[in-house]
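S.K.: Add chains B and C to chain A, keeping to what the hints say.
Chains as they are written, first to last, in our numbering: chain A, 28 to 223; chain B, 3 to 268; chain C, 871 to 1341.
These are computed hints drawn from the structure, not numbers from a lab. Treat the hints loosely; a few may be bogus.
Far from chain A, by Cβ distances over 10 Å, these chain C residues were calculated [to be verified]:
1) Gly978
2) Gly996
3) Asp1000
4) Arg1200
5) Asp1214
6) Arg1299
7) Glu1303
8) Ala1325
9) Thr1337
10) Leu1338
Here are some of the chain B residues that sit facing chain C, going by a computed Cβ distance under 7 Å [said to hold, decoys possible]:
11) Ala53
12) Pro56
13) Arg61
14) Arg160
15) Arg219
Glycine included, each C-beta is placed from N, C-alpha and C at the ideal position.
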Amino acid sequence: MNHTDSNRWRTVDIVVASVIAVAFGLIFWAWGLLWGATDAAFAFFPPAQTLIYGVWLVPAVLGGLVIRKPGASLYCELLAAIISALLGSQWGGIVIVQGLMQGLGAELAFAAFRYRTFRLPIALLAGALTGLTAAIFDFVYWNKAYDLVDYRLPYALLTIVSATVIAGAGAHFLTRALANTGVLDRFPAGRDRALV
Amino acid sequence: MISVEPVAAPGAPLARRNPVAKLAAALVFTLILVATLDPVAPAIAIAIELAVLPLFGVRYSVLARRAWPLLAGAGGILVTLVLFAADRSGRVLVEAGPVLVTEGVLDTALGLVLRMLAVALPGILVFATTDPTDLADALIQNAKAPARFAIGALAAFRLVPLLEEEWRMISMARRARGVDAGRNPIAKLRLFGSTAFALLVGAIRRGTRLAVAMDARGFDAGTPRTVARRQRFTRADGLLVVAAGALAAAALTVSVVLGTFRPLIG
Amino acid sequence: MGAVQLRGFGWRHAGRRGWAVRGVDLRVEVGERVLLLGASGAGKSTLLAALAGLLPEDSGEQEGTVEIDGLDPRKARERVGIVFQDPETQLVMARCGDDVAFGLENRGVPAEEIWPRVDEALRRVGFPYDRDRPTAALSGGEQQRLALAGTLALRPGLLLLDEPTANLDPAGATLVRQAVADAVDADTTLILVEHRVAEALPLVDRVVVLEPGGGVRADGPPDAVFAAHGDALAAAGVWVPGRTVPPRHATTPPGEVLLTADRLGLPPRLAPTDLRVRAGEALAVLGPNGAGKSTLALLLGGLLRPGAGTVAATPALAGRDARTPPHRWRAPALAGRIGSVFQDPEHQFVTGTVRDELALGPRRTGQSEAAVTATVDTLLERLRLDRLAGANPYTLSGGEARRLSVATALATAPRLLICDEPTFGQDRRTWLELVDLLADLRDAGHGVVAVTHDADFVAALADRTITLERR
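Here chain A stands alone, though its shape is the one from the complex (with noise of 0.2 Å):
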């Protein structure tokens, strides 16, 4: 138990991402329900759906802030993919490769800063590269047959924009907000908070 180097995992850090990707897999599966109208009309025209892209990437982005460890915000957007793959998604093993590279882009912007600061520039740091990881996999993966000017460049780069907004700032006011009912008090982020 004891932590001369912080950079190790303790059993609370691994429990509570685990947990965060396994709520964010079920209020996935939830939105699907409540959107199941708007959602097919989204799976008509994906472009569309690049605006609300970001809120995929949530666990990967919040995953970092929470946790502040190596490995966190890969290890979040991963087991998200995993757990919505067990869930029954119709992507199939595909989504773990999506998720790995996802969550890579975060990870990039954390360690850029070797772990030390996660205040609002780097929650949107992390929310753009996040964005341009995930655009990246879709611009070879999912996009290849597409016109490049009239789609490609443009899908990469609303992708880019919703991550930093939706995913970027959006998990940087997430994070205050959890840290404000004191459940994150076993974390540095739930002790940022005045004395209580």
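M.R.: Using the frame of chain A, we list chains B and C on its own:
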């Protein structure tokens, strides 16, 4: 209802294979297949997948239930291609304003839709036939995954049915408080966000308690763990992975020989 | 093994101003059975966590010393086992046998010894199922017995039980206490935290009372401790044995009918049920787990669509809306007529402060800002929440959260209040306040329906009971 139980008949010859082998086979099969954009290779792959389905003990009706949302995805591919296709070669079939449908467009659409199905099915098969505990055990014992992470993830996964019930309760509790959204999409979005937040708070609280209970039973003690349930990776498991690779390669080869092969990169 | 020595022990959690526990001097010998008591917030759970070695050095500040057999508890973790209150967050695995094996695997027990030890532990707690039973299919009492087996399989010298029966119905609680009595051998030291003293007394031979401000207030055989400190303990919220609560039943006959259930059911959770809910009457819904009591509460509360039969409001409750069933009313209209109090208060929290939480309902039902402020201030004072008006609802203690959840339901002044296990896990003080509050409401002409397992609560408040049968 979310189902977290495997849906396969447990005795089926391929469902019984080591979970890591099944996962590796699915990944190998998929990754080889994504190398091409043509319709022929994925069509062959789908035929193979449907042929091995009984060996996994999965009924066709179960697969259809899990896979039907893919149809919406297929529709999306078609619409987007009609509007944004890069390759508009071949005979013009329809022309109306920005909509220009050619044989080339339809050919590409067919390839993409088939590829999406061919890539999705192996994953559905693996997860539909695998018990999460077995998967975690096999990942630790046969794939050298870190035990603390695999077990931690497994323990969290056990909370899925609890959290699903919690989602329902939170939703009803909001109605009891006088909060509903009616048909207003903005209100609907806010209500969804507030419900999701309450779920997340409860989930993290549970996770923290669970972690303490796990530590109390020596999870973080630093002693090397032993394993109560042994997962074996046998020759048959190795064979499954090799066979998956060979079959996918064969599908690609046919496509190359027929001259339809269109590489993803390049 | 399992001797405990505390000298001037104190602990303050990181991020907190106050000490969770402080100034505790205590020695417990091997094989002693100790009941640890104290008001809510006296630091009982923190003390157990310290003994179990579960307070990492970087998670707070320590004063004095704590030792198990002369060792720092963090280095003596294999000598200590602990069972917590919530069954659902201490089971790790999906199958029962795997869950008991989990601790043995962690401790590096050789594989061939694991399953015999699992079977032995399951036998000791009287576990009725085989090892492949899914943990999710167990009742709360069975889950707690399984958690006890998982701890006993590790053969601890010191066994800590942190309110192990607080979340259980009476039948489940009895099963768990029986398992503890049967399974703990003579040289195992036992320290138990429990509000419900009378039920716990047969398990212990010594009572230690923590003082909320710090230190030990009383220590000795149960009879001596309760003779000397019984009144003060009862006032502090402890269920001291032999102290009955004066009942508060309705003094006038019930008034008009507010809600009628006719062959109301929801297969497979609730069998068809007939019911009339009246103004000025407290109705208790009883029955074993699985009989559908909570489902009935949700159906009466207009939160679930009936699967069979009907729920109908009378014009006395709903005016012209009485023609449509409650589950089809808009939420604000519903909240103004029927208030629902959920078993878990946190399910109902929507805003970021206690004050906003109370103001939400009145605003949704269209009250003026002045009226909202008046309602909120009255409720804050009435339920002793005024000091917490600015606090985040999720940071409240169990008793505070319960009071807030009742207050939020009352804020819209519904004629009918439906509560699901309102007294669950509450200390005596909150319990008494709830009885008084609900009795006041009933006497003011409101209808009160309470789904409950709590026989004392029924005896104190209920004017009429109905009992559902297990399907």
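S.K.: Next, verify each hint and record whether it holds.
M.R.: Hints versus structure:
1. Gly978: Non-interface label stands for glycine 978/C: nearest chain A Cβ at 17 Å, farther than 10 Å.
2. Gly996: Glycine 996/C is indeed farther than 10 Å from all Cβ atoms of chain A, at 30 Å.
3. Asp1000: holds, 26 Å
4. Arg1200: About 18 Å separates arginine 1200/C from the closest Cβ of chain A, which puts it past 10 Å; holds.
5. Asp1214: holds, 14 Å
6. Arg1299: Answer for arginine 1299/C: holds, closest chain A Cβ roughly 22 Å.
7. Glu1303: Holds, because the least Cβ-Cβ distance between glutamate 1303/C and chain A comes to about 24 Å, which exceeds 10 Å.
8. Ala1325: holds, 34 Å
9. Thr1337: It holds; threonine 1337/C is separated from chain A by about 36 Å at its closest Cβ, greater than 10 Å.
10. Leu1338: The assertion about leucine 1338/C holds, with a minimum of 30 Å to chain A.
11. Ala53: violated, 32 Å
12. Pro56: violated, 26 Å
13. Arg61: Since chain C brings no Cβ nearer than about 23 Å to arginine 61/B, farther than 7 Å, the hint is violated.
14. Arg160: Holds: closest Cβ of chain C sits about 6 Å from arginine 160/B, inside 7 Å.
15. Arg219: holds, 4 Å
Violated hints for the displayed structure, listed by number in ascending order: 11, 12 and 13.
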